[in-house]
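Trainee: Below are the chains, spelled out letter by letter.
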Amino acid sequence: MLIPIEELRGNSGKLCGGKASALGFLHRNGMIVPPGTCISTTAYNEYVDRTGLRGRILLEMNRKPFEEMRWEELWDLSEKIKLMFARTPLPPEMEKELEAELFRRFGKKAVAVRSSAPGEDTAKTSFAGVHASYVNIRGTPEILRHLRLVWASLWSDTALLYRKEMGLDIFNSAMAVLVQETVEGRSSGVAFGMSPENKSEAVVEAVYGLNKGLVDGTVEPDRWTLSRETGDIKTHMPAEREKTVVAGNESRGEEGTELKNLPEALKKKPPLTPEEVLEVYSLTGKAEALFGTPQDVEWTFRESTLYTLQSRPITTLLQEDRDEKRRWYLSLRRSFENLKELRAAIEEKYIPAMQAEALDLEKENLSATSDPALAEEIEKRAEIYRKWHDIYWEEFIPFAHGARLFGKVYNETVNPKDPYEFADLLSGTEMLSLERNRKLEEMAGRLREKPELLKGLSAFKENKDKEEPVQENETELENETELENETELENETELENETELENETELENEFRKELEAFISRYGGSYSESPEAKEGLYRLLLEMASRPLLPPVAGKKDPDRIRRLKEKFLSSFEDEKQKFAAELLDLARASYRLRDDDNIYLGKIEAELQRAFLEGRKRLEKRGLKEPEIPPARTFREPALVKELTKALCNPAYRPGPEKLPRKPQIPGTAGITKENVRPRQLLGNPSGPGTAEGHARVILKDSDLFDLKAGEVLICDAVDPNMTFVVPLCAAIVERRGGMLIHGAIIAREYGIPCITGVPDATKLIKNGDYLSVDGYLGIVTVLKRRDL
Amino acid sequence: MKDEIASLLSHELEEQEGKAPVESIGLDKVELLGKLRKLFETQPLAVLATQSETAPYVSLVAFASDEKLKYILFSTTKATRKYENLSANPVVSLLIDNRKNTIEDFRDAVAVTAMGKIEPVEDFERKIMENIYLMKHPHLVDFLHSPTNAFLKIHVEKYIVVTRFQHVVEVSV
Numbered sequence: 064m065l066i067p068i069e070e071l072r073g074n075s076g077k078l079c080g081g082k083a084s085a086l087g088f089l090h091r092n093g094m095i096v097p098p099g100t101c102i103s104t105t106a107y108n109e110y111v112d113r114t115g116l117r118g119r120i121l122l123e124m125n126r127k128p129f130e131e132m133r134w135e136e137l138w139d140l141s142e143k144i145k146l147m148f149a150r151t152p153l154p155p156e157m158e159k160e161l162e163a164e165l166f167r168r169f170g171k172k173a174v175a176v177r178s179s180a181p182g183e184d185t186a187k188t189s190f191a192g193v194h195a196s197y198v199n200i201r202g203t204p205e206i207l208r209h210l211r212l213v214w215a216s217l218w219s220d221t222a223l224l225y226r227k228e229m230g231l232d233i234f235n236s237a238m239a240v241l242v243q244e245t246v247e248g249r250s251s252g253v254a255f256g257m258s259p260e261n262k263s264e265a266v267v268e269a270v271y272g273l274n275k276g277l278v279d280g281t282v283e284p285d286r287w288t289l290s291r292e293t294g295d296i297k298t299h300m301p302a303e304r305e306k307t308v309v310a311g312n313e314s315r316g317e318e319g320t321e322l323k324n325l326p327e328a329l330k331k332k333p334p335l336t337p338e339e340v341l342e343v344y345s346l347t348g349k350a351e352a353l354f355g356t357p358q359d360v361e362w363t364f365r366e367s368t369l370y371t372l373q374s375r376p377i378t379t380l381l382q383e384d385r386d387e388k389r390r391w392y393l394s395l396r397r398s399f400e401n402l403k404e405l406r407a408a409i410e411e412k413y414i415p416a417m418q419a420e421a422l423d424l425e426k427e428n429l430s431a432t433s434d435p436a437l438a439e440e441i442e443k444r445a446e447i448y449r450k451w452h453d454i455y456w457e458e459f460i461p462f463a464h465g466a467r468l469f470g471k472v473y474n475e476t477v478n479p480k481d482p483y484e485f486a487d488l489l490s491g492t493e494m495l496s497l498e499r500n501r502k503l504e505e506m507a508g509r510l511r512e513k514p515e516l517l518k519g520l521s522a523f524k525e526n527k528d529k530e531e532p533v534q535e536n537e538t539e540l541e542n543e544t545e546l547e548n549e550t551e552l553e554n555e556t557e558l559e560n561e562t563e564l565e566n567e568t569e570l571e572n573e574f575r576k577e578l579e580a581f582i583s584r585y586g587g588s589y590s591e592s593p594e595a596k597e598g599l600y601r602l603l604l605e606m607a608s609r610p611l612l613p614p615v616a617g618k619k620d621p622d623r624i625r626r627l628k629e630k631f632l633s634s635f636e637d638e639k640q641k642f643a644a645e646l647l648d649l650a651r652a653s654y655r656l657r658d659d660d661n662i663y664l665g666k667i668e669a670e671l672q673r674a675f676l677e678g679r680k681r682l683e684k685r686g687l688k689e690p691e692i693p694p695a696r697t698f699r700e701p702a703l704v705k706e707l708t709k710a711l712c713n714p715a716y717r718p719g720p721e722k723l724p725r726k727p728q729i730p731g732t733a734g735i736t737k738e739n740v741r742p743r744q745l746l747g748n749p750s751g752p753g754t755a756e757g758h759a760r761v762i763l764k765d766s767d768l769f770d771l772k773a774g775e776v777l778i779c780d781a782v783d784p785n786m787t788f789v790v791p792l793c794a795a796i797v798e799r800r801g802g803m804l805i806h807g808a809i810i811a812r813e814y815g816i817p818c819i820t821g822v823p824d825a826t827k828l829i830k831n832g833d834y835l836s837v838d839g840y841l842g843i844v845t846v847l848k849r850r851d852l
Numbered sequence: 002m003k004d005e006i007a008s009l010l011s012h013e014l015e016e017q018e019g020k021a022p023v024e025s026i027g028l029d030k031v032e033l034l035g036k037l038r039k040l041f042e043t044q045p046l047a048v049l050a051t052q053s054e055t056a057p058y059v060s061l062v063a064f065a066s067d068e069k070l071k072y073i074l075f076s077t078t079k080a081t082r083k084y085e086n087l088s089a090n091p092v093v094s095l096l097i098d099n100r101k102n103t104i105e106d107f108r109d110a111v112a113v114t115a116m117g118k119i120e121p122v123e124d125f126e127r128k129i130m131e132n133i134y135l136m137k138h139p140h141l142v143d144f145l146h147s148p149t150n151a152f153l154k155i156h157v158e159k160y161i162v163v164t165r166f167q168h169v170v171e172v173s174v
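Line by line, the protein sequences are chains A and B. The numbering of the first sequence is the working numbering, which starts it at 64 and goes up by one. The numbering of the second sequence is the working numbering, which starts it at 2 and goes up by one.
In case anyone wonders, no lab produced these hints; they're calculated from the structure. Some hints here could point you the wrong way.
[To be verified] Straight-line distance between alpha carbons at most 30 Å, and here's what the computed DSBU-like set of lysine-lysine pairs gives:
id	chain 1	residue 1	chain 2	residue 2
1	A	159	B	137
2	A	639	A	628
3	A	77	A	227
4	A	143	B	69
5	A	127	B	79
6	B	79	B	69
7	A	480	B	128
8	A	77	B	137
9	B	79	A	480
10	A	159	A	171
11	B	79	A	827
12	A	227	A	306
13	A	848	B	118
14	B	79	A	848
15	A	143	B	128
16	B	79	A	830
17	A	471	A	443
18	B	128	A	159
19	B	137	A	480
20	B	101	A	772
21	B	69	A	127
22	A	127	B	118
23	A	143	B	79
Between the sequences and the hints, there should be enough to build the whole structure, so can you do that?
Mentor: Structural data, given as structure tokens:
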């Protein structure tokens, strides 16, 4: 299982990986490398086989075809697998054997525990920064703990994405690990024997301290270019030298590394003298001569001794392309500092601006504007919506990584059984959607207490049913809805005035006002759709018709949240506790905002929709009908907004059918009526523990939500926060979109409702009225009985 | 028809004779049970037959057995057909075999049908039974411990052992 660097031979790549093999080769050829040993892939394989981890990984990976996983799902997957490694000890005999040998070699010396995966660092692939490496680790138990973390990084989201993208084998991969004495260099860096940008040049980059800061991008390096022909220095680009990464303090027993301010004296002085730059360059020359191709070398100076830490071929092939991809992978993990900036921008700039803009738009009386002015208003709103939509994608969505960053840190320090325990700690914060749901429940409560209000609403609903038997198109519906809201309701009230006590009418009016205020505050595109108000009434009736939900216990228990918080913070040493608390605060903001921001954007969207619908109404008054008028649902599409405004400005203009959207068609299925298989048991990701049975309510369009009955199982493509008001009514949630930190999962956890995410084709295979069993522990939804047809 | 196939087979098999000796099943019960134990260790999956009101229903299950082969352990989630069936009718049978789905199976394969009755795993024996099961299937730990899962044992009455295509013996335990 253990092979010392000095015994490594050229053909050891499969057992020991490229990194270790290259170091063995360099050592044999007289170059200075830090002493170390390789824990081969044999050890990895034995561990995963004997503990059953291989099978558990297989089961997790096979919940869904790998190609169909979103990166959020990969993230979840890798967190789960990482915790499996962290929580599964080595088999005792294996531990004994490794412990004895590692202690003999390293004793209490600080070591680096680094990945050396086979297939890593060849000319075609470079896993730089993809797998985990830990420096300044002391003592055998700690080495063995980090060994498992490096093994686990074979299954990190970045590593999985990288293998997927490069077409490498995902399932049969194994990991070798290099344990090497830490060389605490005064200056370190990387050197490219041949610059990827200019083949006639070489590049040397250097920082003070350990080169971790350079490799992970937190410390800016000085950079020299040299002529490959003459070996002379051509240029030197000094860095703004401010920080340095050093090994944790030994006397305080600290492990890992620390980012520190650079002493003033060093800020003005380059980390290498020109002679040392040349010495580093000559190192790349030696390595190139040995391997036969230009090398990318990591090195460090301890006093005047130059150590080679790593050497690998320069990956010139498709360099740009791959760098691009790698950058993207690495950017998935925005650093803490970036996230803090993002948070400030979102909280202090974007959200207030977004709210103010929505409020301004809400004030406009659209029905009083002329047609051309309305057209202008629609264009303006479409522009505003697009602006916020872009900001949402560029700023708000990346901020969601705050919660993920926290999750990673929480799992690595607390090592909980449930990889999503951290979400409970985050969800202790108030979310707008929960406030809204509470308000809705309050209104339902009022209806429950005052049946006369209920009667009023029911009468209104029945009347409506009677008078409008079939709605053929949206135009009519819209007019009717307006009529209902403005005229019929008044009639109703008048009628009641004659027969009922006055204070009841007052109550009712008050209630209606409350509803209006509710819609205005929590808005969202759903409440602006023509059927929404009626839907909301229906939903309130449904809520009022069943007993009050018991308050959600357990998850939101403040004591539990407090305990979790203490558990987390106490895993950190004194000064680092401050960082931990800051990180928690940031993650809570990320978690909360991710939900709230969607509701704010929903408000802007609703305002665009309001103007768009007003435009449609004007055209209808001129006698135009669909397909000459863009359908109501197309208000987000710029081309159709344009068609609508053109027609508004120019009475002679007719949007042709060819300009209007056709129903989306799945390629290759034209004219074929496809018969689907029938589902019995579908697999997804368990995202909210618990079990439930109930009839399916499949959401295919927004207004389907209002048909939900208490105790039904919500089946949807993706829960967006504007939808979550129905969640307290559901027995369970099944969602096609995957991920543990998506809205559906967040809100289900909040209410303690079983939830399964990432069920492919859920809305296609499951039909309204199917009787389902939902297993939120294992992520299984079973169709117990198909709906009667 | 069967005979025709059998005669064709024996011809095929003659050519392979010597490569893999035919497993012989003797008369000794202890010896046979020893062989079965070894067979069970090599097979992670078995075919479970349950009975619905109208028809038999078969499914693959991950199984393990105790040292004496008195019990066969398996687990299933409760929202399944097999669980519904065996809740109504606990009599089941289970097929354990080492076929490779090649022609040599007619010479080499052993197929064992276990007949018995489902009994719940009692609290006093749960720990040891779980250990037996997880020793063989360590990766099913989350599955086994899910609150939605049922851990069950088949109390075996007898095994029916088929070798060499048509040689059949019975052994009760």
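Trainee: Next step is simple, just say for each hint if it's right about the structure.
Mentor: So, going through the hints one by one against the coordinates:
no.: 1; hint: 159(A) x 137(B); verdict: 24 Å, holds
no.: 2; hint: 639(A) x 628(A); verdict: 15 Å, holds
no.: 3; hint: 77(A) x 227(A); verdict: 20 Å, holds
no.: 4; hint: 143(A) x 69(B); verdict: 37 Å, violated
no.: 5; hint: 127(A) x 79(B); verdict: 22 Å, holds
no.: 6; hint: 79(B) x 69(B); verdict: 28 Å, holds
no.: 7; hint: 480(A) x 128(B); verdict: 20 Å, holds
no.: 8; hint: 77(A) x 137(B); verdict: 29 Å, holds
no.: 9; hint: 79(B) x 480(A); verdict: 24 Å, holds
no.: 10; hint: 159(A) x 171(A); verdict: 17 Å, holds
no.: 11; hint: 79(B) x 827(A); verdict: 25 Å, holds
no.: 12; hint: 227(A) x 306(A); verdict: 35 Å, violated
no.: 13; hint: 848(A) x 118(B); verdict: 27 Å, holds
no.: 14; hint: 79(B) x 848(A); verdict: 15 Å, holds
no.: 15; hint: 143(A) x 128(B); verdict: 26 Å, holds
no.: 16; hint: 79(B) x 830(A); verdict: 22 Å, holds
no.: 17; hint: 471(A) x 443(A); verdict: 42 Å, violated
no.: 18; hint: 128(B) x 159(A); verdict: 27 Å, holds
no.: 19; hint: 137(B) x 480(A); verdict: 23 Å, holds
no.: 20; hint: 101(B) x 772(A); verdict: 52 Å, violated
no.: 21; hint: 69(B) x 127(A); verdict: 39 Å, violated
no.: 22; hint: 127(A) x 118(B); verdict: 35 Å, violated
no.: 23; hint: 143(A) x 79(B); verdict: 25 Å, holds
Consistency note: the structure conflicts with the earlier hints numbered 4, 12, 17, 20, 21 and 22.
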